[in-house]
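Line order of the protein sequences matches chains R and W. When we follow the numbering used here, the leftmost residue of the first sequence carries the number 1, and every step to the right adds one. When we follow the numbering used here, the leftmost residue of the second sequence carries the number 1, and every step to the right adds one.
By construction, these hints were calculated from the structure, which means they are not laboratory data. Beta carbons are placed, not taken as given, at the ideal position from N, Cα and C, and that holds for glycine. There may be inaccurate statements among the hints.
Sample of chain W residues with no beta-carbon within 10 Å of chain R, all distances over it, derived [said to hold, decoys possible]:
#1 Val35
#2 Ser37
#3 Leu40
#4 Glu147
#5 Pro316
#6 Ala444
#7 Pro567
#8 Ser589
Each computed DSSO-like pair below joins lysine-lysine, with the alpha-carbon atoms no more than 30 Å apart [unchecked claim]:
#9 W:Lys433 x W:Lys373
#10 R:Lys164 x W:Lys321
#11 R:Lys82 x R:Lys202
#12 R:Lys254 x W:Lys321
#13 R:Lys164 x R:Lys202
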Amino acid sequence: MSERADAPRTVDQLIDGPLMTRLDALDVTSRKIFQGKVQGERRSRRRGQSVEFADFRPYVAGDDLRFVDWNIYGRLDRLFLKLFLEEEDLSLVLAIDCSGSMDWGTPNKFDYARRVAMALGYVGLVNHNRVSAFGFGGDGFHPLTGLRGRRRTRDLGQWLLDRKAAGDAGFDDAMRTIALGRQGRGVMIVLSDFLFRDGAEKGLRSVAGRGFDVYALQLIAPEERDPGMHGLTGDLRFIDSEDGAEVEMTITSKALEAYSQATVAHATALRDFCVRRGIVHVPVPTTTPVDELLLDYLRKRGLLR
Amino acid sequence: MMWLAPLAGIILAAATLPPLLALYILRLRRPKRTVASTLLWTRQVEDLRANSLFQRMRMSWLLVLQALAIALLALALAQPQADLGLVESGRVVLLIDRSASMGVKDADGRSRLEQAKREAHDRVSALFGTGLFSQAPEVMVVALAREATVLSPFSTLAARAHDAIDAIEATDETTTLVDALDVARSFMEVPNPDKQGAPQESGVTLELWSDGRIADLERCVIKPGEHLRFHPMGSSTARNAGVAGAGVSRLAGNPDEVAVFARIMNWDEAPLHSDVELWVDGTLRAVLPNGIDVPAAGEDPSRKTWLPGEVRVSFPSVTVKPDGIVEVRLVASDDQPADNRMAMVAAPSAAARVLLVGGSSITRGLVQALPVKSVDAVTLDQFTTRTAANPAWIDAFDVVVLDGASPPSLPPARYLVLGGTAPFEGLNPYGEKADVSMRSSQAAHPLLRFVNLDELGVARAVAYSPASDVETIVEGSDGPLVMTLARSGGQAVVVAFNPLDSNWPFQRGFVNFMANAIEFLAASGREAALPTIAPGDTQPIRLPSGVRSLTLTSPASGSHEITVTDPAQVVIGPLRQAGVWTARWHEGSEERTRPIAVALQDPREGRIGTLESLSLGLETVRGVQGGESGRSALWPWLMLAALAVLTLEWLVYLRKV
């Protein structure tokens, strides 16, 4: 595959300074953390270890006497426990589809995915989250783990630049591998077009409910949304960018209409599955600017704050 | 059902249907376009993983409709024709009668010939249908009259047959059919080297448009493989009467006056009363008082045959100048006016101009004593010199008498040769015979009228071995003694001996022979009128040398120029219209004319009632009414159906797209 002229070649081309400045104020959030990880809410070995005070509650038998607020006992002669927020370090997992179908469209879906991954990874690194990145595709499964801190930004960027989009995604295997190697809980962001012949359900099922707050960002090229407006007409032979399969098509208005219905059905099926599995499905047109996606679109979806 | 052009339809189908099927079986060479994934396309495409050249044929309404349209077009191109009866395959000969009786206007104001041509056109159209490429059957067009004229040989082109029918013109001739059948059969004989002498395999249909009045009908034979269809033209109740014959005779003692007589016939089954007029040079000269009553035609009980009513009439003598036109007119109107007139041309006066070359005083005195206009005498040298200087000089004489003279050459003229060796081709003189007597003679010949040769004795005669075209009038004991022959537009009477070498001058018959010979050669005195020829005949005339063209004017006043190559023998005609034709030419600055009378003289043409059937030997052919249509072309309907299918295919295509 020849290198495209507009493909990013440096980390600066993946993420520029102004965007980094604007992303400094963001942090990655997890719905699961804020819903059930309050320190001392129940007896558990994973009590909160931070110093950030959260609340008081009356003492009950069995509570750790170290968290009793003795000052209140002195004034009120009753035992109260001090509740603190648990400060777990957030694990941010970026799963990037490097299959051949991603290397298509204008803007290129793979380039777009790498820019979004770079931006999200930067947000995670800046906030000292543990950032992991996994690339899966015909080029193989490429993990990058244990990144933390702003200084690892360039490592993440270089890793993204080294990825090539080609071949089959191997989505199911990749997801299962990621799920098995999970360390701690965190947010997992899957960047893909989800155009898998075997479907994405099995792969997503592997990672859903296993400590990941999964976000499925479905990247959609404009040519995929409306092929008729982008020069697809007449008698054509389509060649699949992943497996080379050929399909002869006569592009007519009815064919385009049927394709549009198939596209909607595909996205709807993926969304319904994600809803059932607690996965946030976010369709992302690649025409959406990356900063707008992060600063506006994903903040509204609760991924960033 | 018949196919006019099956090969064209087969070629179209063979050329288009396989490529059409191939378009559906073979894959299109489509431009390749890489897409992210064919996942979403495969749900509505029909071809997946197409790597083979061919694909499985699937049901496609477009294919069905397109194939159906092509099939319909191929069928249309093959030009199927529905058989509506009277359809002939193979060869068809259209025989159209154009005789005098076909000029009768009893077919809705049109003549029978016009009606016949109209029906023949319809028949041709029916035979060929209205196809684009008329290929079958083969049609031949023959015009019938006294002779058959092939206007179009066997052809598969309808336009050619139509043009031939249009070219048929009416004549006043009689109708013969045997000649036409022979001509048609000669065109039908296709040499086949594998079957020499084999009978004709393909049948032929003879379509005859006629009123059935055919002169040689009893001699016609329809051979195996031939089928005659008779289309009777006209009405069986047509009425006709006419001048069946006429003649003139000079009155004795007054050669300028002639008596005119005529024969009037009535072919109608009702008696006829009519006036009869005599016209001379376009002027009414006499009318029979009280007219004539001609009895009705009918069966003659005594002869048990059908006979027309007949009356013979004669007019008082009238004065007619040479070449004057004498015409007898029947005033009564009927359905056939062509035979209501008969014209004759009065012959020149009897007196002949004689040139005597050489000769004895006895001969000169005898010729001068005859009733001739003039006698000029020259020696043989003078004759040779003057004819060599001016051959036309001899045209001033009606008869040239060579009395013992033997010129080396003779220009065309009429000669009476008495002795000597005349240089005529075919006489073949080979010596002399002595003591010859008469052995036999044609006593009825005009030359021997009132001539008795029983006592003839010839001491010395030229021995001739004449050719077969030389007519021997008097045969001697050792060869011909008197002969007649025609050479180069001239005529000669050759006497093989000099009368002075015989006892003939002492006999009365010699005088009569000389008078007869001069009359015979001058063609004067025998008839008061020149022969009236029948329509379709030719008229030979002799023109002065130097004439290079003449103008022939028809009775209908149409004229045309005729180039003369040999003035000594000009044949005019055939003259197909009855009436007086006029030949005009110039001798120097002076215009000369020669009228030629043409008249219907066949009483069979006078009977114009149409026959409903023809009796040919043992076979009777009943007439069929015209206007039947043979075939109906189906290709327009097929074209319409193909158009409808194509429209439907377009609609299906639009719905699919």
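Hint numbers not upheld by this structure, sorted from lowest to highest:
1, 2, 3, 9, 10, 11 and 12
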